[in-house]
Amino acid sequence: MAFFTFATRLALLTFFYHVNANPLIKPNQQTLQCATGTFSNVVVGTGVSIVIETATPVPANGSFAESALADKGFPGAFGLPKLCAVIVNVTNTSAVPQSNYRLGLFLPDTWNSKVLTVGGSSFAGGINWPALSEGAHYQMATISTDNGHNSIISDLSWANPSTLLDWGYRALHGSVEVGKLMTAAYYGQSSTRSYYSGCSTGGRQGLKEIQISPDSFHGALIGAPAWDTKYLMPWITKIGVDVLNGTGTFGQNEMDFLAVEILAQCDGIDGHNDSIVSWPEQCTPDFNAFLCPGAAPSSKTVTCLTAGQIAIAKQIYSDYTTSNGTFVHNGFELSSENQWGTYVDDTTPSTFDVAYEQYFLYNDPTWSWQQFSDKVSYDSINQDPGQATADQYNISEFEARGGKILMYHGLADGLVPTKSSELYYSNTKDATEHVKLLCSIAEHKIGRKGIAEIDCSTIIYYNNKINKRKIETTLPKFRCLPKVKLVLCHRVRVVVARKLRWQ
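Heads up: the sequence shown runs through residues -21 to -1, 1 to 482, numbered per mature numbering (1 follows the signal peptide of the UniProt record, and there is no 0).
Bear in mind the hints are in silico, worked out from the structure with no lab data behind them.
Wrong hints could be hidden among the right ones.
Lysine to aspartate or glutamate pairs mimicking DMTMM-like chemistry, simulated, CA-CA at most 25 Å apart [unchecked claim]:
#1 LYS354 with ASP134
#2 LYS398 with ASP246
#3 LYS354 with ASP324
#4 LYS398 with ASP253
#5 LYS159 with GLU401
#6 LYS398 with ASP221
#7 LYS51 with ASP88
#8 LYS293 with GLU401
#9 LYS279 with ASP325
#10 LYS398 with ASP343
#11 LYS293 with ASP343
#12 LYS51 with ASP343
#13 LYS354 with ASP370
#14 LYS293 with GLU240
#15 LYS159 with ASP134
#16 LYS354 with ASP325
#17 LYS279 with GLU260
#18 LYS279 with ASP298
#19 LYS51 with GLU32
#20 LYS293 with ASP194
#21 LYS293 with ASP246
#22 LYS279 with ASP249
#23 LYS398 with GLU240
#24 LYS159 with ASP88
#25 LYS398 with GLU260
#26 LYS354 with GLU376
#27 LYS279 with ASP235
#28 LYS354 with ASP343
#29 LYS279 with ASP343
#30 LYS398 with ASP194
#31 LYS293 with GLU260
#32 LYS279 with ASP253
#33 LYS159 with ASP358
#34 LYS354 with GLU260
#35 LYS354 with GLU378
#36 LYS279 with GLU240
#37 LYS354 with ASP265
#38 LYS293 with ASP370
#39 LYS398 with ASP298
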């Protein structure tokens, strides 16, 4: 649960940057004072206090980082433009329970009057310095929150009633408010536009903020969002349990073999044999084609799968519905197999398989995967730890303000099933105002399959069509600045809901 490549997301940011571009603002350098005192008069609200931990001038091509202990979630940022790096500690005593979090800001010397907020990654706690650098390079004042805790991606042991809510939505919401005030104090004027960019957990954060505070952003770039936390996490546990309870070994070697076989059978369905599964939903693989005639070969090289291993794979592809008919989550698409190993281990549960129940759901570190049943899903759906799930689908107020969402999701995503984005899309009111790009065979976080370069003006053109309420199904290419490239998947599919459903 993390990011697509920086190149992909940077280029996609031009989607908003160019459409609403303003002349660059170069304040008098004598008025830009990168010091804690510059922000001493910032007043947030009742019960909210801020402490400016540091305000550090960063030279052109410089770097900024905290120590590995101070920020366990993210490394530093390098090759920066000239800017002021600020760290703020925020306490909100009016919140119940009390809220406490940190945020970081990159305030570039050359500013275009815009603010960009960037999301986090999985369960990591820490300020996302690399993502902050993305906005700074595009002359945006950029904000990131630590989500109220300090931890690596796979550590969930920090959870308590307060930190869960901060991770769920409070830290990001407060950071947007404080960050905008800090930006105005530094430049001597308020920002004219506010944008958001985040992938996976970061995508969830952006959708949640739009739902609870429609005026926070003018536009949002949402990638592979893990928006349905209360459904996604018990499903992740279930597929891990399915593997552990299954017959035969099902590890990374088996997953990689399966990926090759699925590609061989499903590649050409779209009429192109190009090592890309563009239409997984139209492929019905013949599992008997690689069924072992007997027991699995003793060799470490996987040349076939047993009936038990194929049964496990089919469970991972399948949607999860409980015994009483409650739909919990969609399964993975064909061609996502290479990434399953993050959640699936045929010898021991992975961290994600049990930590959610141990620390988020039951506050019981002794909880084990053998205790899993449909009840876990019911409990998760009822509790929604941290109120993290972004399922307030009526975003008409955001839409009425002219807000736009660009959502993209790789069809080969093996961490967050692609169909979950389709579900969010179809459940969102007035879906024609929200666009989803499905990248053929892009994986979660790295997008390394089927990569091709597409001129950035393709996306700019498409954004203009959205603003005019015209939905196009083909994307022409135009000449654009050489330094601005869009890295997307081969044969991008633009998907517009044909049938809108309001829940």
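Cross-check of the supplied hints:
1. LYS354 with ASP134: 24 Å, holds
2. LYS398 with ASP246: 19 Å, holds
3. LYS354 with ASP324: 23 Å, holds
4. LYS398 with ASP253: 23 Å, holds
5. LYS159 with GLU401: 32 Å, violated
6. LYS398 with ASP221: 20 Å, holds
7. LYS51 with ASP88: 28 Å, violated
8. LYS293 with GLU401: Since the Cα atoms of LYS293 and GLU401 sit roughly 21 Å apart, the hinted pair holds (cutoff 25 Å).
9. LYS279 with ASP325: 15 Å, holds
10. LYS398 with ASP343: Violated, at about 31 Å.
11. LYS293 with ASP343: Given that 25 Å is the threshold and the Cα spacing comes to 31 Å, the pair is violated.
12. LYS51 with ASP343: 24 Å, holds
13. LYS354 with ASP370: Within the cut-off at roughly 21 Å; holds.
14. LYS293 with GLU240: 14 Å, holds
15. LYS159 with ASP134: 30 Å, violated
16. LYS354 with ASP325: Holds, at roughly 23 Å.
17. LYS279 with GLU260: Since the Cα atoms of LYS279 and GLU260 sit roughly 32 Å apart, the hinted pair is violated (cutoff 25 Å).
18. LYS279 with ASP298: 31 Å, violated
19. LYS51 with GLU32: Cα-Cα ~18 Å, so holds.
20. LYS293 with ASP194: 43 Å, violated
21. LYS293 with ASP246: 19 Å, holds
22. LYS279 with ASP249: 34 Å, violated
23. LYS398 with GLU240: 22 Å, holds
24. LYS159 with ASP88: 16 Å, holds
25. LYS398 with GLU260: With Cα atoms ~10 Å apart, LYS398 and GLU260 stay inside 25 Å; holds.
26. LYS354 with GLU376: Outside the cut-off at roughly 36 Å; violated.
27. LYS279 with ASP235: 13 Å, holds
28. LYS354 with ASP343: 16 Å, holds
29. LYS279 with ASP343: 38 Å, violated
30. LYS398 with ASP194: The given pair, whose Cα atoms are some 28 Å apart, is violated under the 25 Å limit.
31. LYS293 with GLU260: Given that 25 Å is the threshold and the Cα spacing comes to 14 Å, the pair holds.
32. LYS279 with ASP253: 29 Å, violated
33. LYS159 with ASP358: Judged against 25 Å, a Cα distance of about 37 Å means the pair is violated.
34. LYS354 with GLU260: Outside the cut-off at roughly 30 Å; violated.
35. LYS354 with GLU378: With Cα atoms ~37 Å apart, LYS354 and GLU378 exceed 25 Å; violated.
36. LYS279 with GLU240: Holds: LYS279 and GLU240 sit about 17 Å apart, inside 25 Å.
37. LYS354 with ASP265: Violated. LYS354 to ASP265 sits at ~34 Å, over the 25 Å cutoff.
38. LYS293 with ASP370: 28 Å, violated
39. LYS398 with ASP298: 10 Å, holds
Hint compliance for this structure: hints 5, 7, 10, 11, 15, 17, 18, 20, 22, 26, 29, 30, 32, 33, 34, 35, 37 and 38 are not met, and every other hint is.
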